[in-house]
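As you go down the protein sequences, you meet chains A and B in turn. Each residue of the first sequence is one higher than the last, beginning at 0 in numbering that gives the first Met the number 0. Each residue of the second sequence is one higher than the last, beginning at 0 in numbering that gives the first Met the number 0.
Calculated from the structure, these hints are not laboratory results. Each residue gets a CB set at the ideal place from its N, CA and C atoms; glycine is no exception. The reader is advised that the hints may include incorrect statements.
Pair by pair, the computed Cβ-Cβ distance ranges are [what the hints assert, rightly or not]:
#1 Asp220(A) <-> Glu102(B): 53 to 63 Å
#2 Phe35(B) <-> Met225(A): 42 to 52 Å
#3 Ser63(B) <-> Val99(A): 45 to 55 Å
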Amino acid sequence: MSENKNDILVQVDHLKKYFPVKGLKGPGVQAVEDVSLFIRRGETLGLVGESGCGKTTLGRTILQLHNPTSGKIVYDGETIFEGEDPWQADGEGRMVHVKVPKPQQVNMLPYRRKMQIIFQDPSASLDPRMTVGEIIGEALDIHKLWTSKAERTERIKELLGHVGLNTEHANRYPHEFSGGQQQRVGIARALAVRPEFIVCDEPISALDVSIQSQVVNMLEDMQQEMGLTYLFIAHDLSVVRHISSRIGVMYLGTMVELAESYELNREPLHPYTKTLLSAVPVPDPEVSRSRQRIVLEGDIPSPMNPPTGCRFHTRCPYATEKCKQAVPEFKEYGPDHWAACHLLG
Amino acid sequence: MENVQQHDKKLHDSAHAQDALGKNLLEVKDLQVSFFTPAGEVKAVGGISYNLKYGEVMGIVGESGSGKSVEAYSIIGLLQSPGKVIGGSITFEGEDVLAKSKEEMIAFRGSKVAMIFQNPMTCLNPVYTIGNQLIEALKAHDKEVSKEEAAKRAMEMLELVGINNVEKRMKQYPHELSGGMRQRVMIAMGLICHPQLLIADEPTTALDVTIQAQILELMKQIQKKTHMGIIFITHNLGVVAEICDKVSVMYAGKMVEQGPVDDIFYQPSHPYTEGLLRSMPRVDAESYERLIPIEGTPVDMLNPPEGCPFAPRCEKAMKICLQKMPPYVEVGEGHRSACWLRVQEQLNKKKEAGGHE
Numbered sequence: 000m001s002e003n004k005n006d007i008l009v010q011v012d013h014l015k016k017y018f019p020v021k022g023l024k025g026p027g028v029q030a031v032e033d034v035s036l037f038i039r040r041g042e043t044l045g046l047v048g049e050s051g052c053g054k055t056t057l058g059r060t061i062l063q064l065h066n067p068t069s070g071k072i073v074y075d076g077e078t079i080f081e082g083e084d085p086w087q088a089d090g091e092g093r094m095v096h097v098k099v100p101k102p103q104q105v106n107m108l109p110y111r112r113k114m115q116i117i118f119q120d121p122s123a124s125l126d127p128r129m130t131v132g133e134i135i136g137e138a139l140d141i142h143k144l145w146t147s148k149a150e151r152t153e154r155i156k157e158l159l160g161h162v163g164l165n166t167e168h169a170n171r172y173p174h175e176f177s178g179g180q181q182q183r184v185g186i187a188r189a190l191a192v193r194p195e196f197i198v199c200d201e202p203i204s205a206l207d208v209s210i211q212s213q214v215v216n217m218l219e220d221m222q223q224e225m226g227l228t229y230l231f232i233a234h235d236l237s238v239v240r241h242i243s244s245r246i247g248v249m250y251l252g253t254m255v256e257l258a259e260s261y262e263l264n265r266e267p268l269h270p271y272t273k274t275l276l277s278a279v280p281v282p283d284p285e286v287s288r289s290r291q292r293i294v295l296e297g298d299i300p301s302p303m304n305p306p307t308g309c310r311f312h313t314r315c316p317y318a319t320e321k322c323k324q325a326v327p328e329f330k331e332y333g334p335d336h337w338a339a340c341h342l343l344g
Numbered sequence: 000m001e002n003v004q005q006h007d008k009k010l011h012d013s014a015h016a017q018d019a020l021g022k023n024l025l026e027v028k029d030l031q032v033s034f035f036t037p038a039g040e041v042k043a044v045g046g047i048s049y050n051l052k053y054g055e056v057m058g059i060v061g062e063s064g065s066g067k068s069v070e071a072y073s074i075i076g077l078l079q080s081p082g083k084v085i086g087g088s089i090t091f092e093g094e095d096v097l098a099k100s101k102e103e104m105i106a107f108r109g110s111k112v113a114m115i116f117q118n119p120m121t122c123l124n125p126v127y128t129i130g131n132q133l134i135e136a137l138k139a140h141d142k143e144v145s146k147e148e149a150a151k152r153a154m155e156m157l158e159l160v161g162i163n164n165v166e167k168r169m170k171q172y173p174h175e176l177s178g179g180m181r182q183r184v185m186i187a188m189g190l191i192c193h194p195q196l197l198i199a200d201e202p203t204t205a206l207d208v209t210i211q212a213q214i215l216e217l218m219k220q221i222q223k224k225t226h227m228g229i230i231f232i233t234h235n236l237g238v239v240a241e242i243c244d245k246v247s248v249m250y251a252g253k254m255v256e257q258g259p260v261d262d263i264f265y266q267p268s269h270p271y272t273e274g275l276l277r278s279m280p281r282v283d284a285e286s287y288e289r290l291i292p293i294e295g296t297p298v299d300m301l302n303p304p305e306g307c308p309f310a311p312r313c314e315k316a317m318k319i320c321l322q323k324m325p326p327y328v329e330v331g332e333g334h335r336s337a338c339w340l341r342v343q344e345q346l347n348k349k350k351e352a353g354g355h356e
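So that you can see chain B by itself, here it is in the shape it has in the complex (with noise of 0.2 Å):
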């Protein structure tokens, strides 16, 4: 226990804790992303702009395809061929990520930055023990430590995620642990060099309801702790209402909406998000009611329509939304939307209010 207590210490310094609550971790600023295709350019990420101050969770939700993991892909340094970031920037703690080096790039992954991925089955290497890999990822970053001290750390870490009879777990090797453990081990994992963002992606897609709300609430606990920022990609609007302190709404690599999580749930601007909140059935509903669908299919990224993306499903397009791209209208604090409909509130508004003078 003692252990453990000192441990979150640690996490707490490792984040410079509340003084640096508020200032911006990490500035993305219109990155856009292409992957060059033999069939043709495919703009996954098309200028999408958000920031992310410490202490903060950010949900990203959007539907297979709409670039969400990609954006966060080129945060870390990810991308592969034939993926390549062509414009816009990435600040990070004020340094320029996209200008750093391989070596460099090694050397913020995992010490800064570190991802948690959907399926940790894929992540972990099965022929290695748990133990050995976290030391791995430790000692990857600091080669300093000793091997007796590495694995108390990694010891430590494992007891924070919550998993019992950690000596016997760092024997043993990711098949023989069931899904839920495998997660955890893979958050004891990105967390041991201490990193201020966490980028997870999906990390509770692939496990069942209960073991969901288990990750969810450690999640929880160690975001209190260690105050890093957690960007959190998911489809399930459940999970975001759950974790997020905001969110971003992506379809068709823009990012249509993005605000404060009850905004974006109780006052939602975009069609789009209107339409995913009416189209799912809630659990706590008292009766039957029919769902109301988002009709039509999502966008063929290779081909994708002029003006708004959402333009070809949303019940209440009008002429302008097939020819351009809306601008970002601020709808509320920190909370805008890219959608005609709300650039033309905004000139009704400020008509009515020229009239009144």
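Just chain A, same shape as in the assembly (with noise of 0.2 Å):
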């Protein structure tokens, strides 16, 4: 492992993840459209969009939960995963199957000790029927991450200490605790098998408010004492703004702009972006008043028909020829700031 603090951890290239549809030809849901990014060693990246844009499916993709279809993924520079493309435009802009090499792919359970994951809704993600004990201490057997019974209670009763949580709550079951809890409860486990990479996918979404900023803070203690590298995948901007040194906006399974996130805030290039930190509430009266608001017109289109060239093309106020035809290309315009639009040039 390299010293340098700012070399990759994941690195992810032109990913594509398609969910085949049942009784349809062609690609089926398009999820995850062509998709590049890199993580650093020990930063936050972001991930935001509207619901049906593929942030988790992107999360889960990189962590192999979900068979990816194309693309290269790389963590800590070994590639696990590598394949071709199936899917090929034929003359006629149609989507055909075609033969390609089997994907490259390797035994995940190494991995998935350093990759880890934190659900959204905590109380769907903890089996009802094992105490919280039991939760956490079955991803220390799986990985064999003790050698006597009194070390892995041990280290039970410390990752519950970490998390907030007292030690006798380990005989306690998933339902006895309240949300916040429960979310502490699935940060454990996760942390059980010391990762060195989260992907959180709305950890704080089915929290209250007040709550959500105690597991904000306690996601940013642990970033700072164990050096992890977080995933941040949520839908309310503020909150990621705020938890990521960078963030990437995605739209309907693509990658529309990646920037550091105080920068994406004062200058956001793509219009999916303006339009995104416009619609936001800011929870102070005189600037929502005196703030002008971009309102976007219609719904998302579906993943399984996408509009063709960019793919924000349907609801953009900029809209030109060109962006109903060809698929922008995703660029670098200033230092560590990428967007993918045609009116940038």
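Taking the hints as your guide, dock the two standalone chains into a single complex.
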């Protein structure tokens, strides 16, 4: 492992994830379309976008909880997935399935110890018939992270303490906890295997406002202490901006903009980012009275039948003929500021 | 377009437009609601009072379980067993709502007061078309109206809430619409009988921010046109800042602070309100600031603490806070707060004034 702080832990190149639809020819739901990104060691990369934009699918595909359709995923210098795209456009713009070599995949078990996930709904992601101690202990058992029973118990206690729960909570069942406490259990479970990289999939959306900030602060503290790297997925832009060093904005499966988080707020380049920023309600009556809001017409199109060219063109106020035909390239427009839009030249 | 204008006029008339502005539409006094569960009595709402004028938008904020929805349900008479109003009064346009019989309540609901809910999918009937449901809502209160007339009004209503292709939409089923569209249909259904009061229970919580922005704009527009009163229940302070004229902050069934929206945001005078505002990251922040959370967990409503319910989590709590519920103190025009700190301040002020005389 290199000591260079700026080195890259996760790299994703042209990742695609299609979900086939029964009885339908073609690629089905195009949930993640040609996304490239990298995550630096020790940083938090935020992912925002509307529901159905593929942010959760992207997170899960990186962890290979979903099998990627094509693209390349590199974790800590080692390629864990590489595959060619089986869906190619024919002469008339239809997608046809072509034969490609079998994708290269590795055994994920050793990587599962390094890459973990915190789920959105804590009550649905904890087994109701297992005690908290068993839930956390199971992760330790799978990866054989203990030599004696005493060590295992000790580690469970340590983890519970870490997330602000009492050691006697180990014998309780998930339903005995409040939502905020359940989420702490979910975090303790993810931390049990001492991971390096955690995908936080809307970890605070289901929590009360006053509890959200407790969990956010806890995640920040742990990152500091253990040098964790986060991929933080949420739809609440203000929280994402608070916790992330960089933010990626997704729309209908594609990454439309990626920049340093305060830069993104000051100088959004993509029309969709601008809309998203202006749509977030600000808890300040004067600001919300004075600011101009861009209200988008219509709804997000279906990822089963996405628009041609730039996927945002159906709702974009500045769309031109070119946007309808050509897919814009995801390019770097400033230092560490990427965007995909024809208007930017 | 002409239709829509005509409709606007009707809506104007229905709310007595300008002359009614400034009068009280709804008065709630010391309302108490309890749930009698096998484990004991849960005081979901413990004595709250407020007035709502015509054309006013009041926000009710609070955590889940703070009693904000229960309070609203009791106005519209939708409280279900084991919930019961055990004290206080609700007066709507001078009429006692709690004294109404079942039949009167059915007539009152929908025609005078309408409610829109958080999840439009569970509130629309999946086996009837949108048009069918809108017409049903209208015919329930207006027996005379013909089918054609009802359909016409339903379509006008859909246009008003910004739905295009209304004729096609009338024939569609709820599952064929997107979340934002469904919420628009809910709003149209709520407004079809021209109510004077609209209760919106987290109408945008289940929606994406861009769709939320659309719905908030729509509600603002409709509110301007109709001058109806709106009670807006939410836990999102950003939404409150956006749409409300005044705000009630609830904690554990008590209204801890109430006041004009600017006062609540710029001069909060209850530690819970202060804590809420401090614990949220601001979208317009220029640089990183660590969040200051409210420590502890929300109150267990089965065993609420003695005294001020927020005291166990309050960093400024004093001895008296743990023993007695503080009275309301006026801290500004229409701005009151239930906190012993404010009582103390007021006493000090009085003492000072007395000393000078």
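Outcome of the hint check:
The supplied range of 53 to 63 Å is met by Asp220(A) and Glu102(B), whose beta-carbon atoms lie about 59 Å from each other. At roughly 48 Å, the beta carbons of Phe35(B) and Met225(A) sit within the given window of 42 to 52 Å. At about 49 Å, the CB distance of Ser63(B) to Val99(A) agrees with the hint of 45 to 55 Å.
When each numbered hint is compared with the structure, no violation occurs for any of them.
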